[in-house]
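Visitor: Now for the letters of each chain:
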Amino acid sequence: MTRLRLAAAILILALVSLVIAYVQRPPDPWTEDELNLIQSLALYTLPPLGGDPTNPVADSTQAAILGHTIFFDTRFSATAGVACSTCHQPALNFTDGRVVSLAIGQAKRNAPSIIGTAYSPWLYWDGRKDSLWSQALAPLEDPDEHGGDRLQFAHIVYADPDYRKTYEMLFGPMPNLANRQRFPIGARAAPQPNSLWLAMDEADRVAVNAVFANLGRAIAAYERLLLPGFSRFDQYALALREGYDPNYTRLEKRGLDLFINQANCTQCHNGPLFTNNAFHNTGLLSRPGHLPDTGRIGAIDSLQSDPFNCLGQYAADTRQQADPVNPQQRCAELIFMGTGKTLVGAFRTPSLRNLAKTQPYGHAGQFENLKSVLQHYNNAPDAMIGHNEAKPLNLWPWELNALEAFLLSLQAPPEVAPRWMNPPAG
Amino acid sequence: MTAAVYLLVCATLCQANAQAREDHPYQVTGTYFVASLQPALQPLVINQIHRWRLQLTRLDGSPVVADRLQVNGGMPAHDHGLPTGPVAQFTGEPGRYTLYGMKFHMQGDWQIYLHIEADDRSEVLTLNLRL
Ligand SMILES: [Cu+2]
Numbered sequence: 034m035t036r037l038r039l040a041a042a043i044l045i046l047a048l049v050s051l052v053i054a055y056v057q058r059p060p061d062p063w064t065e066d067e068l069n070l071i072q073s074l075a076l077y078t079l080p081p082l083g084g085d086p087t088n089p090v091a092d093s094t095q096a097a098i099l100g101h102t103i104f105f106d107t108r109f110s111a112t113a114g115v116a117c118s119t120c121h122q123p124a125l126n127f128t129d130g131r132v133v134s135l136a137i138g139q140a141k142r143n144a145p146s147i148i149g150t151a152y153s154p155w156l157y158w159d160g161r162k163d164s165l166w167s168q169a170l171a172p173l174e175d176p177d178e179h180g181g182d183r184l185q186f187a188h189i190v191y192a193d194p195d196y197r198k199t200y201e202m203l204f205g206p207m208p209n210l211a212n213r214q215r216f217p218i219g220a221r222a223a224p225q226p227n228s229l230w231l232a233m234d235e236a237d238r239v240a241v242n243a244v245f246a247n248l249g250r251a252i253a254a255y256e257r258l259l260l261p262g263f264s265r266f267d268q269y270a271l272a273l274r275e276g277y278d279p280n281y282t283r284l285e286k287r288g289l290d291l292f293i294n295q296a297n298c299t300q301c302h303n304g305p306l307f308t309n310n311a312f313h314n315t316g317l318l319s320r321p322g323h324l325p326d327t328g329r330i331g332a333i334d335s336l337q338s339d340p341f342n343c344l345g346q347y348a349a350d351t352r353q354q355a356d357p358v359n360p361q362q363r364c365a366e367l368i369f370m371g372t373g374k375t376l377v378g379a380f381r382t383p384s385l386r387n388l389a390k391t392q393p394y395g396h397a398g399q400f401e402n403l404k405s406v407l408q409h410y411n412n413a414p415d416a417m418i419g420h421n422e423a424k425p426l427n428l429w430p431w432e433l434n435a436l437e438a439f440l441l442s443l444q445a446p447p448e449v450a451p452r453w454m455n456p457p458a459g
Numbered sequence: 002m003t004a005a006v007y008l009l010v011c012a013t014l015c016q017a018n019a020q021a022r023e024d025h026p027y028q029v030t031g032t033y034f035v036a037s038l039q040p041a042l043q044p045l046v047i048n049q050i051h052r053w054r055l056q057l058t059r060l061d062g063s064p065v066v067a068d069r070l071q072v073n074g075g076m077p078a079h080d081h082g083l084p085t086g087p088v089a090q091f092t093g094e095p096g097r098y099t100l101y102g103m104k105f106h107m108q109g110d111w112q113i114y115l116h117i118e119a120d121d122r123s124e125v126l127t128l129n130l131r132l
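Taken in sequence, the protein lines are chains P and Z. Counting in the numbering used here, the first sequence runs from 34 upward without gaps. Counting in the numbering used here, the second sequence runs from 2 upward without gaps.
No wet-lab data here; the hints were simulated from the structure. Some hints here could point you the wrong way.
As the list claims (entries may be wrong) - Label pairs and their calculated CB-CB ranges:
{"hint": "1", "chain 1": "Z", "residue 1": "Gln49", "chain 2": "P", "residue 2": "Met202", "range": "31 to 37 Å"}
{"hint": "2", "chain 1": "Z", "residue 1": "Ala78", "chain 2": "P", "residue 2": "Ile368", "range": "25 to 31 Å"}
{"hint": "3", "chain 1": "Z", "residue 1": "Leu42", "chain 2": "P", "residue 2": "Lys198", "range": "39 to 45 Å"}
{"hint": "4", "chain 1": "P", "residue 1": "Gln346", "chain 2": "Z", "residue 2": "Ala78", "range": "42 to 48 Å"}
{"hint": "5", "chain 1": "Z", "residue 1": "Gln49", "chain 2": "P", "residue 2": "Asn227", "range": "52 to 58 Å"}
{"hint": "6", "chain 1": "Z", "residue 1": "Thr32", "chain 2": "P", "residue 2": "Leu79", "range": "44 to 50 Å"}
{"hint": "7", "chain 1": "Z", "residue 1": "Leu132", "chain 2": "P", "residue 2": "Gln444", "range": "28 to 34 Å"}
{"hint": "8", "chain 1": "Z", "residue 1": "Thr58", "chain 2": "P", "residue 2": "Glu67", "range": "39 to 45 Å"}
{"hint": "9", "chain 1": "P", "residue 1": "Gly331", "chain 2": "Z", "residue 2": "Arg69", "range": "28 to 34 Å"}
{"hint": "10", "chain 1": "Z", "residue 1": "Arg69", "chain 2": "P", "residue 2": "Val449", "range": "48 to 54 Å"}
{"hint": "11", "chain 1": "P", "residue 1": "Leu271", "chain 2": "Z", "residue 2": "Ala78", "range": "29 to 35 Å"}
{"hint": "12", "chain 1": "P", "residue 1": "Lys198", "chain 2": "Z", "residue 2": "Gln43", "range": "44 to 50 Å"}
{"hint": "13", "chain 1": "P", "residue 1": "Asp334", "chain 2": "Z", "residue 2": "Asp120", "range": "35 to 41 Å"}
Said to hold, decoys possible - Residues of chain Z clear of chain P, computed beta-carbon distances all greater than 10 Å:
{"hint": "14", "residue": "Ser63"}
{"hint": "15", "residue": "Pro64"}
{"hint": "16", "residue": "Glu94"}
{"hint": "17", "residue": "Tyr101"}
The beta carbon of each residue, even a glycine, is placed where N, CA and C say it ideally should be.
Isolated chain P (complex conformation) (with noise of 0.2 Å):
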């Protein structure tokens, strides 16, 4: 009698995992169209970062040499203890593995990383800041952040040789710092402009801010060389294009299958960085005690009325305006910037490359792993303001299993020369 029971139990046990493995299956063959879309996401087919117009030394390396020393160098913060990289950490992928990042003071948001983000017409969550230059000027300002001041940025480089003289080999004289009548100490242009600075000529505020400017634009050429690495994932597309035997596992395999079919998230991650760099409401919840974050939407004005960005006095081109039949005019991103409702509560869509590294996920940090997030899109509850854009998914927890095997696929140390990596030398 038992003996029949255990019989019994074990041939409903094998049909279970029969009819699991069967659900499970590979998709293979792929069909023309999913081959295609899966070569769309394949690190192989991104292209060479291209110019930035408003940056003339984004492919210099000295300029990114002066980058890189600024980035590690904490002495461009109002207690000179906090550097890009107490946030940007290359052993966390350039996060900081915080909900939200703790300098100076508590920031609003998660430390998104830095690796690919060149690509991006948009960077932080919201997308309130449209090059990469104009960008890395904000934290060395933020209160919470850095907190120091583009004046006393501009005397630290002044006063020290090595940064002056590189500097002054990229972009020319700087102003004489070296008059404290000019240039007093302890004018402050931001947060709120003081009367120390209000007091300065006109001229010499607009120079002060070039300088600033031309630091912001020596960071974003050290961090055009932060680029993604080749993952198991790429390997895969790479050998079902030229037709070997890939080393990729079933249930990576369903993962990729769900991710570009059921799943829909090649709606938002598309292209060889996982990401449209567009804007979505995914309905997160708020960060705890917290207001839901207006996102998108509370970005459109400042990005307007940035002195830093790509139309202001301190983006002028050197260079010849772009072909009329390129597609690629100035400023295009800007000027043609979309606005609207469906930015209430809209996040600049996150690359997936490399996650491992980079928990918690989120804009303010809502989710502590994978399975969190994965679960998250499973139920698509309504956003706490605007309208969340994903529909339930309503998948099996095996099949989210192979989901979250599919995303830890793309992980790869980034493709960044070691020297990068580090802290300067000396």
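Position chain Z with the ligand against the provided structure of chain P, taking the given hints into account.
Guide: Relative to the frame of chain P, chain Z with the ligand by itself:
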């Protein structure tokens, strides 16, 4: 269900403008006006801002200078618009316009709407586009 209906409708309409090549612009014929549209980006891929050429005529082929011309679009199945706010600009040549700031951020079925006011008439021309 709505998706199924949409697919059915699209199956009959969308193929009308399968692929625009340099010499084969997309054509949309309305009650009063005809638009012939040509993306400057070839092949037309997602996530790149670019411009389109537009030629606007009457049914008899004569060029139209519109009193007002607006362009927008979106994905009906996803209930969202274009990621950008494109602008139609008159080139100075009768009937010829440039649509600046065109961009698509997803694969799938899109619609582009041209709101035309000319000859004391107004008409919305809809282009179905699969990316
Ligand atoms: Cu869509």
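Visitor: Next step is simple, just say for each hint if it's right about the structure.
Guide: Taking the hints in turn, this is what the structure says about them:
1. Z:Gln49 x P:Met202: 31 to 37 Å: About 35 Å separates the Cβ atoms of glutamine 49 of chain Z and methionine 202 of chain P, which means 31 to 37 Å holds.
2. Z:Ala78 x P:Ile368: 25 to 31 Å: holds, 29 Å
3. Z:Leu42 x P:Lys198: 39 to 45 Å: About 43 Å separates the Cβ atoms of leucine 42 of chain Z and lysine 198 of chain P, which means 39 to 45 Å holds.
4. P:Gln346 x Z:Ala78: 42 to 48 Å: holds, 43 Å
5. Z:Gln49 x P:Asn227: 52 to 58 Å: The hint (52 to 58 Å, Cβ to Cβ) is violated, given that glutamine 49 of chain Z and asparagine 227 of chain P are roughly 43 Å apart.
6. Z:Thr32 x P:Leu79: 44 to 50 Å: holds, 45 Å
7. Z:Leu132 x P:Gln444: 28 to 34 Å: holds, 29 Å
8. Z:Thr58 x P:Glu67: 39 to 45 Å: holds, 40 Å
9. P:Gly331 x Z:Arg69: 28 to 34 Å: holds, 31 Å
10. Z:Arg69 x P:Val449: 48 to 54 Å: holds, 51 Å
11. P:Leu271 x Z:Ala78: 29 to 35 Å: At 32 Å between Cβs, range holds.
12. P:Lys198 x Z:Gln43: 44 to 50 Å: The hinted range 44 to 50 Å holds for lysine 198 of chain P and glutamine 43 of chain Z, with Cβ atoms some 47 Å apart.
13. P:Asp334 x Z:Asp120: 35 to 41 Å: Once the Cβ atoms are compared, 38 Å apart, the range 35 to 41 Å for aspartate 120 of chain Z and aspartate 334 of chain P holds.
14. Ser63: holds, 26 Å
15. Pro64: holds, 21 Å
16. Glu94: Fine: 14 Å to the nearest Cβ keeps glutamate 94 of chain Z off the interface.
17. Tyr101: With a cut-off of 10 Å, tyrosine 101 of chain Z comes too close to chain P, as the shortest Cβ separation is near 6 Å.
When held up to the earlier numbered hints, the structure conflicts with 5, 17 and fits the remainder.
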